[in-house]
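Chains as they are written, first to last, in the working numbering: chain H, 5 to 261; chain P, 271 to 746; chain V, 16 to 450.
What the hints contain is simulated information worked out from the structure, not anything from laboratory work.
From a predicted model like this one, the values you see are computed outputs, not experimental measurements.
Incorrect hints may have been included.
What the hints assert, rightly or not - Computed list of lysine-lysine pairs in DSSO-like fashion (alpha-carbon distance at most 27 Å, straight line):
1) V/LYS257 x V/LYS186
2) V/LYS273 x P/LYS642
3) H/LYS9 x H/LYS24
4) H/LYS252 x H/LYS75
5) V/LYS341 x P/LYS649
6) H/LYS158 x P/LYS723
7) H/LYS132 x P/LYS651
8) H/LYS170 x H/LYS219
9) P/LYS651 x V/LYS339
10) V/LYS257 x P/LYS649
11) V/LYS300 x V/LYS273
Unchecked claim - Across the chosen pairs, the derived CB separations fall in these ranges:
12) H/GLU22 x V/MET402: 55 to 61 Å
13) H/PRO45 x V/THR419: 57 to 63 Å
14) V/PRO59 x P/ILE477: 55 to 61 Å
15) P/ALA352 x V/PRO59: 45 to 51 Å
16) P/LYS476 x V/THR419: 27 to 33 Å
17) V/ARG80 x P/ASN344: 43 to 49 Å
18) H/GLU121 x P/LYS439: 52 to 58 Å
Ideal Cβ placement from N, Cα and C applies to all residues, glycine included.
Next come the chains, spelled out residue by residue.
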Amino acid sequence: MADKKILFSIRDIHVSVEGKEVVKGVSLDMQGGEKHAIMGPNGSGKSSLANALAGHPNYTITSGEAFLDGKNLLEMDATARSLAGLFLAFQYPLAIPGVTVANFLRTAMKAKFGGDEEKLRSFRKELKSRFELLEIDNSFATRYVNDGFSGGEKKRLEILQMAMLKPKVAILDETDSGLDIDALRIVSNGINASATSEDSVLLVTHYQRILNYVKPDKVHVMMDGKIVHSGGPDLARQLEDQGYDWMKPDNAEKVEA
Amino acid sequence: MAEVINRDNGLNDIGNDYAAKYGFHDPEEYFHKGARGVNHEVVEMISRMKNEPDWMREFRHKALDTFLAKPMPNWGDTELMASIDFDNIYYYIKPIEAQKKSWDDVPDNIKNTFDRLGIPEAERKFLAGVSAQYESEVVYHSLKEDLQKQGIVFLDMDSGLREYPEIVKKYFSTVIPVADNKFAALNSAVWSGGSFIYVPPGVDVKIPLQAYFRINAENMGQFERTLIIADKGSRVHYIEGCTAPVYSTDSLHSAVVELIALEDAYIRYTTIQNWSRNIFNLVTKRAVAHRNSTVEWVDGNLGSKLTMKYPCINLVGEGAKGEILSIAFAGDDQHQDAGAKVIHSAPNTSSRITSKSISKGAGRASYRGLVKVYPTAVKSKVSVECDALLLDPESRSDTYPTMEIDSDDVRIEHEARVSKVAEEQLFYLTSRGLTEDEARLLIINGFIEPFTKELPMEYAVELNRLIELEMEGSVG
Amino acid sequence: MGKSITLGAGAKTNPVEFRAVDKHEPDWFYDLRKAGWEFYHDSPLPSRTVHLWRYTDPSMFVVERPEDSKHILPVIPDKSLTGKRKMSDRYSCFGYNQSDRQTVTQMDDKSRGGGVIFKDLYSGLRENPELVSGYLGGLAGYDFGKFEALNLALWNSGYLVYIPDNMILEKPIYLHRQPTGGLSLFRLLVIAGMNSEFTLVDDYSGQDDRGGGLINSVVEIFAGDVSKVRYVNFQRLGNADKISMTVRTKAGRDSEFKAVYAGFGGSSAKINAGTVLAGRGAASKMSGVIFADGKQRMDYHTGHHHVSGDTYSDLDFKVILKDKGKSAYTGLIRIEKEALNCNAYQENRNLMLNPGTKAESIPELEIMTDQVSCTHGATMGPIDQDMIFYLKSRGFTEAEAVMTIVEGFVETTLKNMPEDFSREIREKVAEKLES
């Protein structure tokens with residue numbers, strides 16, 4: 005492998021939801037600065053994998069290992085995973101009525117970076133510039149988190165959080181779904197601007213569209229709970245043209261990453 | 271903005287200092303401490319000591335007869351109410367010091383009490399006047415000069431009766447008749463202290479008038495009486511906040527508050543109630559709203575063992591508006607039986623009731639409401655919204671809304687929801703680095719945000735802090 | 016027979032005798048009735064301070080000397096009556112009462128062949144004693160309430176409906192209940208077997224010209240596990256009738272109980288409809304269309320009692336008021352501590368067509384656990400004048416506009432009903448609007 009060290013590593017992860025196994029042994033290594041995409045048809049287990057890695061209580065990791073920067077994620081609860089540098093952009097972000105975006109972000113920032121005056125001042129400055137980058141109106145700050153937001157607004161808020169919390173590893177779960185082409189461009193710019201050369205991004209997506217804007221180093225195809233194929237950026241385009249059927253396990257030769 | 275989370279404070283320690291912080295009490299140094307129980311002698315003594323006019327003395331005696339004759343309410347928490355021992359309560363205590371005009375003259379031990387509650391700072395910041403009720407008599411009272419110049423009267427009720435007898439006689443007990451309920455009758459017989467406010471026509475009181483009430487003696491009843499008159503076109507905001515020392519036996523707080531908003535006037539009355547967990551808080555609050563006037567009750571209930579309080583607005587003038595916004599937090603073994611009443615009897619009147627309750631541990635929060643629309647109240651509008659949040663499997667929430675509509679030409683909407691803190695919301699917040707406790711607190715603060723945003727900043731901060739304290743019992 | 020007791024209560028002049036139905040009456044049934052009789056005489060009038068009776072004076076349902084009425088107590092129906100009214104092929108089972116005491120039943124071959132038991136209740140309790148004795152009074156027993164006790168002691172027309180396990184009836188069961196005397200005590204016992212599925216229409220109709228009577232009806236429905244029971248309570252009694260009706264359902268595991276209440280008749284109607292969600296996963300949907308005009312008073316109470324986890328209740332009650340019509344709707348959702356993950360919804364809408372109407376709405380919640388999702392709502396108001404104007408500007412007359420808007424108001428509720436009955440309810444609504 006290259007000289008960069010492995011930042012994010014998962015080994016043979018199995019995930020169950022309500023007793024049913026939905027992820028059946030997934031392994032993945034990401035170096036700092038790399039972007040990977042996990043693609044696959046609906047129901048292939050992509051989102052389950054993303055939620056399980058973030059520590060969602062409904063998704064049980066029954067076996068396997070996951071390390072972020074050498075730290076064992078599976079020993080941590082969702083809070084600790086976040087503080088360790090993991091970020092999940094939700095497919096369906098939740099409304100939290102009565103809690104303003106500003107208050108929410110400030111609380112999350114304080115949890116991660118501590119809350120002295122100096123930091124809070126720079127927080128306000130940074131927030132302003134991120135608003136501009138994501139073409140978010142200033143009134144956003146005083147609205148309630150995701151309450152009455154359009155689909156595009158919700159996704160922008162997710163990426164705004166990513167930009168502010170500066171995770172080492174960001175998992176973006178179907179962040180492109182429901183976005184029109186302008187919103188997709190804005191959100192993608194936000195993703196590219198937020199991930200530094202040290203950070204890793206894992207894009208979970210059904211479509212190739214977002215990969216035109218956020219260029220992946222590697223593309224993995226997930227089907228029926230397993231990664232069945234891995235390849236370079238071209239694989240995404242191939243999938244767009246030919247669909248997923250050709251690489252079903254019995255149709256295709258398995259290629260190791 | 272209030273910072274609701276203090277990470278440095280080990281969360282489990284928060285709240286352990288409640289007794290020290292809010293439950294402290296001073297040695298009882300009373301000029302006069304009457305005997306326990308209530309009878310015509312006690313009433314006579316109270317009235318004579320206050321040197322009241324005959325009409326008030328007679329009013330008290332009649333009220334006592336009504337109190338003795340009236341049965342206890344047969345609704346609400348009848349079980350808890352039945353445990354009140356009327357014979358074991360002091361009905362009147364006069365503090366050692368007479369009323370003070372300036373802060374410097376206030377006795378040290380009393381000052382201490384207020385210091386720990388942050389009163390002087392609040393005063394320095396923006397208080398117009400402080401009328402802090404310590405025991406049954408107002409001991410500290412100040413009114414800024416500019417208010418006096420505008421003709422605004424802000425006195426304790428006893429002084430109000432002495433200095434403005436004709437206004438008091440005209441309005442006193444016109445909103446809440448003696449026989450309204452047993453506790454209103456009791457208050458009418460033994461009332462002491464409370465605030466008297468008169469705002470002259472057209473005067474806008476720019477800064478809120480505030481009073482702090484405290485109970486300091488064991489088995490000591492507190493029966494303050496407040497009367498606020500906003501004359502034509504005037505505006506006033508009054509704030510009442512309570513904390514009380516923790517005692518082992520039960521105390522009774524039974525206030526009567528009457529508001530009169532004349533034509534085009536505006537009154538907002540804000541309460542943050544945080545009596546200690548041994549207090550029965552049985553309060554009658556009612557307003558009359560005349561033509562095109564507005565009355566708003568903003569009512570927060572966190573403390574007490576049992577609170578029964580249903581702020582009421584009688585919309586008697588065309589175009590009058592009423593709004594009641596309340597939150598109740600019922601912790602372990604508390605029962606917050608709170609609600610709202612609006613009576614529409616004039617055309618084009620409108621009202622809005624928003625009630626939020628949180629039940630934690632074995633706490634029980636009940637919303638009890640009445641909306642009554644008479645046939646004369648054509649083209650009126652009513653909206654009622656109740657939200658309840660349950661934090662534990664033992665928690666209980668009840669909603670008892672009553673709507674009696676005698677007019678077809680009105681619009682009524684009522685909505686209620688009961689829910690728990692959703693696991694999905696918790697996960698969303700914890701995945702952003704918040705602990706579960708922090709996440710829960712943030713969600714709760716969001717839940718009551720429609721209430722806190724109506725409060726002056728200090729109060730919003732204090733309320734969030736109190737909720738944080740309340741949450742500590744079982745969180746973690 | 017020696018089966019008689021005398022009671023002093025309720026009869027100041029001479030003590031009255033508690034009669035047996037006839038010489039064939041089973042002992043267990045006699046004892047059950049007697050317990051009801053004693054409870055009726057011994058219990059005080061319900062307190063007006065409880066919500067259930069806050070808006071209706073219970074004294075109107077008191078019968079001073081019910082035993083004096085010649086209509087009380089059932090008889091074995093006269094077989095010759097069976098052919099008098101032929102069952103339409105739209106029904107699987109059909110029952111009617113000729114006098115208040117003669118209860119006549121018919122059923123189609125499919126029902127008979129499938130083991131359905133459908134007969135007058137008195138025959139039923141004699142011929143199927145182990146079935147009936149296990150259920151009768153199980154939901155509204157002798158001590159449930161004063162008027163339910165009276166009903167249990169002296170009912171005169173009753174039905175037994177038993178649908179075996181796994182039986183599906185495509186056509187509804189239709190009960191036509193017509194009071195003929197001054198005092199009618201109706202009873203219905205429904206036992207739905209496991210995984211059974213059917214619709215039962217309980218239709219109360221009475222002619223205005225017969226003068227007013229007192230109708231006291233009690234319905235007990237046992238919805239077995241995984242059953243799907245639809246119950247339509249169609250109340251179109253005479254305008255002078257006084258009605259007290261109690262319907263109690265126990266919903267078993269994963270069962271689905273759907274009830275519709277259509278209320279049009281009576282000078283005063285006091286209806287208490289309650290469902291106990293007893294089995295895990297049980298669901299109850301209850302809807303109502305109530306129309307009070309003239310000087311009618313409608314008082315409907317609904318109760319949903321969630322005692323098991325994962326249960327669901329949904330209530331949608333629409334009330335239309337005209338002339339000096341009055342309505343009191345009270346509803347209670349109670350969720351017990353053990354009943355985790357329940358969902359409960361309750362909505363009451365009132366449309367007031369003119370001044371002089373009166374509506375009360377008290378949708379109450381008592382929630383003992385945090386593992387719930389519960390909402391309720393109520394609205395009251397007149398027809399939106401802008402809507403009237405819009406329709407008029409499209410050529411509607413005022414009356415047509417009102418009719419259209421009222422139809423729309425009830426439509427969401429009616430669309431879930433069997434076609435025949437939703438049509439009849441629409442007609443009844445139209446008739447009341449035009450009167």
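Outcome of the hint check:
1. V/LYS257 x V/LYS186: violated (31 Å)
2. V/LYS273 x P/LYS642: violated (33 Å)
3. H/LYS9 x H/LYS24: With a Cα-Cα distance of about 35 Å, the restraint between H/LYS9 and H/LYS24 is violated, given a limit of 27 Å.
4. H/LYS252 x H/LYS75: violated (34 Å)
5. V/LYS341 x P/LYS649: Cα-Cα ~19 Å, so holds.
6. H/LYS158 x P/LYS723: Holds, at about 24 Å.
7. H/LYS132 x P/LYS651: violated (42 Å)
8. H/LYS170 x H/LYS219: holds (19 Å)
9. P/LYS651 x V/LYS339: It holds: about 21 Å lies between the C-alpha atoms, which stays within 27 Å.
10. V/LYS257 x P/LYS649: violated (34 Å)
11. V/LYS300 x V/LYS273: The given pair, whose Cα atoms are some 5 Å apart, holds under the 27 Å limit.
12. H/GLU22 x V/MET402: 55 to 61 Å: Violated - the Cβ-Cβ distance for H/GLU22 and V/MET402, about 47 Å, lies outside 55 to 61 Å.
13. H/PRO45 x V/THR419: 57 to 63 Å: violated (48 Å)
14. V/PRO59 x P/ILE477: 55 to 61 Å: Roughly 58 Å apart at Cβ, these two residues keep to the hinted range, so it holds.
15. P/ALA352 x V/PRO59: 45 to 51 Å: violated (22 Å)
16. P/LYS476 x V/THR419: 27 to 33 Å: Roughly 53 Å apart at Cβ, these two residues miss the hinted range, so it is violated.
17. V/ARG80 x P/ASN344: 43 to 49 Å: Once the Cβ atoms are compared, 33 Å apart, the range 43 to 49 Å for P/ASN344 and V/ARG80 is violated.
18. H/GLU121 x P/LYS439: 52 to 58 Å: holds (56 Å)
Hints 1, 2, 3, 4, 7, 10, 12, 13, 15, 16 and 17 from the earlier list are contradicted by this structure; the remaining hints agree with it.
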